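Undergrad: The lines below spell out each chain.
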Amino acid sequence: MIGHLVLRNAAHRPVRTAITVIAVAIEVTLVIIVVGLTSGLLLDTAKRTEGVGADIMVQPPSASVFMAFSGAPMPVSIGKKLAQLEYVQAVAPVLVQFNSVNGLDLVYGIQPDTFRQVSNGFVFEAGRDLADPNDILVDDVYARAKKVQVGQTLHVLEHDFHVAGIIEHGKGARLFVLMSTLQEMSGARDKASIFFLKCDRSDHTAAAIDEVSQLLPRYEVRPLKDYMSQITSSSLPGLDIFINVMIGIAVGIGFLVTFLSMYTTIIERTREIGVLKSLGASKGYIVEIILSETGVLCLGGVVVGIGLSYVMRIVLLRLFPALSILITLRWICLAGVIALLGGLLGAGYPAWLASRKDPVEALAYE
Amino acid sequence: MRLLLGAGLEPILKTENLWKVYRSGQVELAALRGVSVEVLPGEFISIMGPSGCGKSTLLHVIGGLARATSGRVLLDGNDLTQMSDAARTLLRRHKVGFVFQRFNLLPTLDAYHNIALAQHIHGNGFDPHRFEAVVGMLGLKERLHHKPAELSGGEQQRVALARAIISEPKIVLADEPTGNLDTKSSESVLVLLRQLNRDLGQTIVMITHNPEAATYGDRVLHMRDGMVVNGLPTH
Numbered sequence: 004m005i006g007h008l009v010l011r012n013a014a015h016r017p018v019r020t021a022i023t024v025i026a027v028a029i030e031v032t033l034v035i036i037v038v039g040l041t042s043g044l045l046l047d048t049a050k051r052t053e054g055v056g057a058d059i060m061v062q063p064p065s066a067s068v069f070m071a072f073s074g075a076p077m078p079v080s081i082g083k084k085l086a087q088l089e090y091v092q093a094v095a096p097v098l099v100q101f102n103s104v105n106g107l108d109l110v111y112g113i114q115p116d117t118f119r120q121v122s123n124g125f126v127f128e129a130g131r132d133l134a135d136p137n138d139i140l141v142d143d144v145y146a147r148a149k150k151v152q153v154g155q156t157l158h159v160l161e162h163d164f165h166v167a168g169i170i171e172h173g174k175g176a177r178l179f180v181l182m183s184t185l186q187e188m189s190g191a192r193d194k195a196s197i198f199f200l201k202c203d204r205s206d207h208t209a210a211a212i213d214e215v216s217q218l219l220p221r222y223e224v225r226p227l228k229d230y231m232s233q234i235t236s237s238s239l240p241g242l243d244i245f246i247n248v249m250i251g252i253a254v255g256i257g258f259l260v261t262f263l264s265m266y267t268t269i270i271e272r273t274r275e276i277g278v279l280k281s282l283g284a285s286k287g288y289i290v291e292i293i294l295s296e297t298g299v300l301c302l303g304g305v306v307v308g309i310g311l312s313y314v315m316r317i318v319l320l321r322l323f324p325a326l327s328i329l330i331t332l333r334w335i336c337l338a339g340v341i342a343l344l345g346g347l348l349g350a351g352y353p354a355w356l357a358s359r360k361d362p363v364e365a366l367a368y369e
Numbered sequence: 059m060r061l062l063l064g065a066g067l068e069p070i071l072k073t074e075n076l077w078k079v080y081r082s083g084q085v086e087l088a089a090l091r092g093v094s095v096e097v098l099p100g101e102f103i104s105i106m107g108p109s110g111c112g113k114s115t116l117l118h119v120i121g122g123l124a125r126a127t128s129g130r131v132l133l134d135g136n137d138l139t140q141m142s143d144a145a146r147t148l149l150r151r152h153k154v155g156f157v158f159q160r161f162n163l164l165p166t167l168d169a170y171h172n173i174a175l176a177q178h179i180h181g182n183g184f185d186p187h188r189f190e191a192v193v194g195m196l197g198l199k200e201r202l203h204h205k206p207a208e209l210s211g212g213e214q215q216r217v218a219l220a221r222a223i224i225s226e227p228k229i230v231l232a233d234e235p236t237g238n239l240d241t242k243s244s245e246s247v248l249v250l251l252r253q254l255n256r257d258l259g260q261t262i263v264m265i266t267h268n269p270e271a272a273t274y275g276d277r278v279l280h281m282r283d284g285m286v287v288n289g290l291p292t293h
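Residue numbers (the working numbering), protein chains in the order written: chain A, 4 to 369; chain B, 59 to 293.
Certain hints may be false.
[Unchecked claim] List of simulated lysine-lysine pairs, DSSO-like, C-alpha gap at most 30 Å: (1) A:K194 <-> A:K83; (2) B:K228 <-> A:K286; (3) A:K286 <-> B:K205; (4) A:K286 <-> B:K153; (5) B:K72 <-> A:K286.
No lab work stands behind these hints, which were simulated from the structure alone.
Keep in mind the model is a prediction, meaning the values are calculated, not measured.
With the rest of the complex left out, here is chain A:
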């Protein structure tokens, strides 16, 4: 009976119902997309780093798992010592820079020979490998997103590069330049941000890690096999806070819209509440009706929000092909629960008010 009453009430004011549902949907979409964007970014970064093909990565002491935030404090000469280790087959030093002009991109400064030994080389879709100091390689995702072609000039890190080739994505960064060029540009002569190591056999990785740790005791030595599990939102400073703030804003939106919607509802239905009380409806019954109606509206908003999230994902990926947006079942459920709780909280005060209305005054309300 309450279900029937709730659905009828929702249908009676379609505009208000629609606005409430849309507001909750926006709340759900905001949570899913924000988390999806951050998770997608992290996962994409991790996958591409793993995709380099190395077994181990060596970073300076206390370096962040996010390479772009560690600078370039290691001398390139360390690479020669690493190459002499028993279980190490190849060593590729890489200088990492973060480009924030026309987007946010990692740029790898590499030595083509050593990088090829570790990664088995690039797969070229067009053009050739790095040769000149001003050459740049871009991956196919970047090329598609920015409409870049071989032979074009690309302005990156406040420098004009010549696009020498377009490569298949998935080997670390999307942009590759010669290490010497990047060292000159960033004033990090003979320096590297990270060393990628290839072992002679994959089952020698643990032994190789021991060797490296003994050689460079304070350095961060990580097996790349587990790299993805190490990339979480808590690894990046401030990201957890950002996500929580966005969730808080979303909850706030849902709370306020539901509060306003239910508040106007109980004002409008004051006489109905009086009628229910005259029939002997308890305070709990009145509260149950208001909260049930809120639940239905929030549920509708959650369903629409989930759909909207997938639509937004399609639109964003079409506009920004280099983006990665990860929508998981876990966060769909969490967003739904957050929306529902926010909505019920928002309806709590109006429901309480409704239950306490004086029946005689309510019946006389015009």
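Chain A is fixed; fit chain B onto it per the hints.
TA: Here is chain B on its own, set in the frame of chain A:
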């Protein structure tokens, strides 16, 4: 004036020196001034009086919608004046049926669900036999799936009546049930009330402005300035 009726039968409703005073800042308004009445089971009582004499207030107090300032209200042996709000709500749910001048049907529900809602609130679940019997008696079978806006005034009041009696209350309190109806509809509603009273023994207390409507009851109580001034049988 205190009115005593019959001997041997316990009144289903009894008020003793009932006062209801409304306070607004420094201003006090006594809507009821020492009202003492008794209603026996199966009686049909009409209450008449000018506007503002306290008729509706009396109905609200004896129905448990409002709390008396002083005095006693005994409904089916339960002292409403000693009860909490929750207890009065429970009593109202099981023992009182209300009919209002403005029908007060829920506009989003059709007639069927307006009546069924009362059963749902009552808590004993949907009783299809009782539902069919009440709907049949009040001539509503063909109108059950219409919303209040699609019903005439008379039909709406019959739905309200069905809602009031569906859970077999001890007493039906009708506040100007014909106040918003034309003559013909008024008559049909009054006939139904009398039929409920005569055939089913339903105790009814009805407020009315209309002297003709008042004659449908067994007794008429006249009120003025918050007091019962006269109580006479209608025939």
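Undergrad: Can you name, in rising order, the numbers of the hints this structure does not satisfy?
TA: Of the numbered hints given earlier, the structure breaks none, since each of them holds.
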